[in-house]
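Novice: The residues making up each chain are set out below.
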Amino acid sequence: MDVINSSFGGRRRSRDTRLPPGQTLVDDWPVLSAGPTPNVDESRWSFSIMTEDKVTHRWNWDELHEVGVEDIVTDIHCVTHWSKLDMAWRGVPFDRLFEDVETSYDYVMVHCSGGYTTNLPLEDLLEGQAWIATEAEGEPLSQEHGGPARLLVPHLYFWKSAKWVLGMDMMPSDDPGFWEQNGYHLRGDPWREERYW
Amino acid sequence: MKTPSRIRWHLGRVISRRFETEAAVRLELDVPTWPGNNAGAHLDIRLTAPDGYQASRSYSLASSGESTRVVLVVQEVTTGEVSPFLVRYLAVGEEVQIQGPLGRFFVWKPTDPDRSPVQLIAGGSGVVPLFSMAAAREHEAEGAAFRLLYSVRSPRDTLFADELAGFSRTIVDIAHTRESAPGAGQPPGRLTRETIAASTFPASLSPRIFVCGPTPFVEAVAGWLVELGHDPARIRTERFGGMS
Ligand SMILES: Cc1cc2nc3c(=O)[nH]c(=O)nc-3n(C[C@H](O)[C@H](O)[C@H](O)COP(=O)(O)OP(=O)(O)OC[C@H]3O[C@@H](n4cnc5c(N)ncnc54)[C@H](O)[C@@H]3O)c2cc1C
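Chains A and B, in that order, give the protein sequences. Just so it is clear: in the first sequence, position 49 is 49 by the numbering used here, and no numbers are missing. The number in the numbering used here is simply the position in the second sequence, starting from 1, with 197 added.
Keep in mind that the hints were calculated from the coordinates and are not lab data. Just so you know, these numbers come straight off a predicted model, no measurement behind them. We put the CB at the ideal spot given by N, CA and C, even for glycine. One thing to keep in mind: the hints can contain errors.
To be verified - To be clear about the criterion: a stretch of chain B counts as covered by chain A if any three or more of its residues have a C-beta under 8 Å from a C-beta of chain A, and this derived list gives those stretches:
id	region
1	234-245
2	289-302
3	313-323
4	418-424
What the hints assert, rightly or not - Partial list, derived from the structure: chain B residues whose beta carbon lies under 7 Å from chain A:
id	residue
5	Arg210
6	Val222
7	Phe282
8	Tyr286
9	Leu361
Stated by the list, open to error - Chain B residues, not near chain A, derived (Cβ > 10 Å throughout):
id	residue
10	Glu219
11	Glu263
12	Thr355
13	Val369
14	Ala378
15	Gly382
16	Pro429
17	Arg436
18	Gly438
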């Protein structure tokens with residue numbers, strides 16, 4: 001049962017129907033991360049997917065772009081209650097990256113510069129739901145927003161859209177990553193308010 | 198402290214409120230179902246207007262330990278939606294919904310086996326969770342060496358001024374960015390890499406470092422700490438949002 005705060009009117013930022021429960025629309029783009037912003041250089045960056053057979057699929061910066069970039073317009077939702085609508089992104093879809101990956105595992109653990117990890121079901125990455133993003137709002141991703149490359153999984157809370165992404169390992173079970181071990185929900189669907197466990 | 202298996206909603210009743218500064222209020226809530234919290238943790242407050250409109254924001258806990266009384270200090274963001282309500286209107290006796298305790302990463306526990314020095318660096322209201330850590334340290338006879346560097350506009354804007362002045366186990370350095378105390382030898386100014394180097398534990402001691410404040414503050418400070426030789430893995434940050 002909700003208690004009513006009778007003198008709370010709210011400033012009533014637009015309550016767009018695209019806003020999940022508990023979210024507020026922002027115009028700026030807040031930055032959240034667990035530690036200092038790492039300095040990752042494009043020329044030394046690569047992204048890898050490792051399967052249970054220890055087969056590693058790897059793309060450097062140029063190879064990633066050759067896979068084929070897409071333009072994406074999407075809403076993003078942070079667990080700390082802000083959302084941004086209609087953000088323009090550019091990135092490489094996971095569907096393409098997984099084309100040659102042979103695995104019977106259903107989950108991935110994502111690894112990032114600085115040691116950050118986050119877990120995801122493969123189901124949430126495929127079929128046009130996730131990208132490795134390299135640009136936002138027409139600009140290369142800035143360092144504090146995860147540049148040169150981050151995950152973009154807009155249908156889940158944004159901590160899943162790991163910044164400074166380096167690679168992912170296939171996993172047989174849905175083991176928790178960094179924030180998930182620190183109290184955040186294993187999946188993080190904003191529409192179901194899967195914030196914490 | 199026991200880790201709650203599931204974070205849940207609680208009802209908190211305001212039992213006292215007083216202005217901590219002109220623009221910040223100290224709220225004490227009675228939360229009968231509160232499981233206790235570690236220093237540095239936060240909670241989410243959810244407000245509901247009579248027509249069902251809701252808004253939620255995070256606030257750090259200034260209190261820690263087993264108590265069912267929790268203390269928050271909220272600084273008004275004048276253009277904001279929730280903080281002006283909490284600072285100006287939320288009355289004694291009124292209830293709010295809260296969810297927590299939240300945050301297991303940005304916390305300090307007296308039982309922490311890591312006994313290296315702990316450096317706290319706060320900008321503005323980012324001092325709240327760091328105050329909570331230093332206050333917890335005050336209660337322990339032994340433990341890690343603590344140091345707090347607190348950047349705040351002016352003496353009038355200083356949160357926890359009395360408590361900080363009374364700390365005996367934490368070295369407290371306050372840096373005024375806009376207006377110094379009368380008779381202070383130093384002009385006001387923003388922190389720089391050099392002022393940080395001069396008033397924090399050096400990298401050679403490999404301190405654990407907690408930085409909290411508005412985003413640009415945290416970005417700048419964490420970057421300088423890395424430049425000063427601190428291991429990024431020893432630096433934990435919490436960003437309160439906002440640009441100032
Ligand atoms: C983990 C965590 C702990 C926090 N603990 C505290 C705390 O102990 N005390 C406290 O006072 N605040 C704290 N905050 C900030 C708090 O959650 C709100 O962001 C803040 O009170 C502003 O909310 P609002 O609804 O008034 O403003 P909003 O309506 O959300 O924002 C209005 C405008 O102000 C800007 N803004 C948002 N937050 C801030 C800010 N902190 N400073 C300056 N400008 C801002 C926004 O960018 C926006 O443009 C914490 C935030 C986090 C994520």
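Novice: Work down the list of hints and note, for each, if the structure agrees.
Specialist: We went through each hint and held it up to the structure:
1. 234-245: Three-residue rule met by the region 234-245 of chain B, so holds; n is 4.
2. 289-302: holds (count 9)
3. 313-323: This one is violated; 0 residues, fewer than the three required, reach chain A with a Cβ under 8 Å.
4. 418-424: holds (count 4)
5. Arg210: Not OK, violated: Arg210 (chain B) not within 7 Å of chain A, min 10 Å.
6. Val222: 15 Å, violated
7. Phe282: 5 Å, holds
8. Tyr286: OK, holds: Tyr286 (chain B) within 7 Å of chain A, min 5 Å.
9. Leu361: 26 Å, violated
10. Glu219: Non-interface label stands for Glu219 (chain B): nearest chain A Cβ at 21 Å, farther than 10 Å.
11. Glu263: 19 Å, holds
12. Thr355: 26 Å, holds
13. Val369: 24 Å, holds
14. Ala378: 31 Å, holds
15. Gly382: 31 Å, holds
16. Pro429: At about 5 Å from chain A, Pro429 (chain B) fails to clear the 10 Å cut-off, so the statement is violated.
17. Arg436: 5 Å, violated
18. Gly438: 5 Å, violated
Consistency note: the structure conflicts with the earlier hints numbered 3, 5, 6, 9, 16, 17 and 18.
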